[in-house]
Amino acid sequence: METNLVAEAIKFMVLGMGIVFLFLIVMVYALKLQAKIIGKYFPQGETPAPTKPRTTEASKEKTAKIAAIVAAVQHHKNLKG
Amino acid sequence: MNKKILASMLLLFFTLFTTNSFASANAAPAEEVKHEYHEKSLGQLLESFYKTTGIYAFTNPSDDVMTSEAHAEDARVMTTFEQTWGRLIMIAICLFLFYLAIAKGFEPLLLMPIAFGGILANIPLAGIGGETGMLGIIYNMGIANGFFPLLIFMGVGAMTDFTPLLANPKAAILGGAAQFGIFGSLVGAVVLGFDLQSASAISIIGGADGPTSIFIANRLAPELLGAIAVAAYSYMALVPVIQPPIMKALTSEAERKIKMPKLRKVHKLENLTLPIVILLLAILFLPESTPLIGAFCLGNFFKQSGVVERLSDTMQNSLINIVTIFLGLGVGSKLAADKFLVLETLGIMVIGLIAFAAGTAAGVIMAKIMNKFSSDENKINPLIGAAGVSAVPMAARVVSKVGQEYDKSNVLLMHAMGPNVAGVIGSAVAAGVLLSIF
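Chains V and U supply the protein sequences, listed in that same order.
So the first sequence is numbered by the numbering used here: it starts at 12 and just counts up by one.
So the second sequence is numbered by the numbering used here: it starts at 655 and just counts up by one.
None of these hints come from the bench; they were simulated from the model.
One thing to keep in mind: the hints can contain errors.
List time: in silico DSSO-like cross-link candidates among lysine-lysine, alpha-carbon distance up to 30 Å [said to hold, decoys possible]:
hint, chain 1, residue 1, chain 2, residue 2
1, V, 47, U, 902
2, U, 824, V, 51
3, U, 824, V, 47
4, V, 22, U, 824
5, V, 47, U, 1055
6, V, 43, U, 911
7, U, 911, U, 824
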């Protein structure tokens, strides 16, 4: 009974290690392929990265402005009411 | 107008009051059964108070105390030992965990809540670990259904930078080799007499990945969860102690001094598409692991997209902190004497250690093999194989430290991060394989 279980566990090991390696090897090739594709079609330098911080900064500014406007309106209303 | 409202309110009160008095009149017999208060002398009062103290509970075990279970129907009668010495021993163990966390700095973020939860779970009479107790509620909320580990994975994804892996994808193979710790110790656990499901749950400790261990333990062997989680986290904390001797034993001094070429620059877009690529692969090959890998990729994708910084920030900080507290306390509830002080715990501790050591060794050996086959300008320092067990980023730091012991100018940290994050993916894949079997 016990040897049977051990044999079963060894089968798990073969299957598990096989799948882990298979997955990672496929992943390695997928990553290499994507690096090649990206390197070809989006050469380094014109990355969209610099635009990102700008938009977030702009949106932060916008929200700050909106907050200021809202506060001003509120203040005005309070004065009236 | 106002008078009308007042009158209707009065009427309402009147009706409520009368119905209530009728109801209490009907319920009178039940109240008799409930508890009738008798006059007591001060001595009697003191005595009855004494019977509700911890001192009494520890010294006078009774045989109608049930174990605290997250589901009341699973409860069994606690043995005398569990009620007395068992609880005290567990509280002492928890105090020792405090010592490790505070004085030694071993994974304090997890050991502190786990150990405190452990103390709470061992308090007699209060039933904090039961279905309606605080720990029981937390346990049912997120551990019994495997939810918290997934949230943690999300946060880990949001904190992880895949750049080193993208720069040198081959390093991922080392993350695979280290998973031998899991499957090797699976065989070991079966030899020791655990059934296949428990053995699988225990062996995941070798992946050095706390959330994954909890996720799997919960599916395959919930009764061993406490011991598995504590073993997993304590060995992760012991990475700087366990790994260096193994790394040194398996490598020559010349090998440890190998310098690796500088990593190439990685395109931002590669970082952005990586979680999607991994997720697609997981969907195609093993959907069973997609809860873990999916949560991980979600966190990483949000981080890399750069447009949802607030969400990514929440995952990396507030969310993961909240979940860590709950996860720790929930796991701590499994440190109750009746669950932890069983023979299996000892076996789990031993197998966990072997699993961890085997994973480290397999990673280093694999790195040596890869080094033999690589060209002179692409040398691989075998030490980085040790980072193939996940334990991000501790394992990579240890590799870097050991490398610098032999050559101050040799910085291996970034090189080791590659296998390190591959190890996270590898152990999630291994977990998926084990789940797919059962």
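- Query: Which of the stated hints cannot be reconciled with the structure, identified by number in ascending sequence?
  - Reply: Going through the list in order, the structure violates hints 1 and 5 and respects the others.
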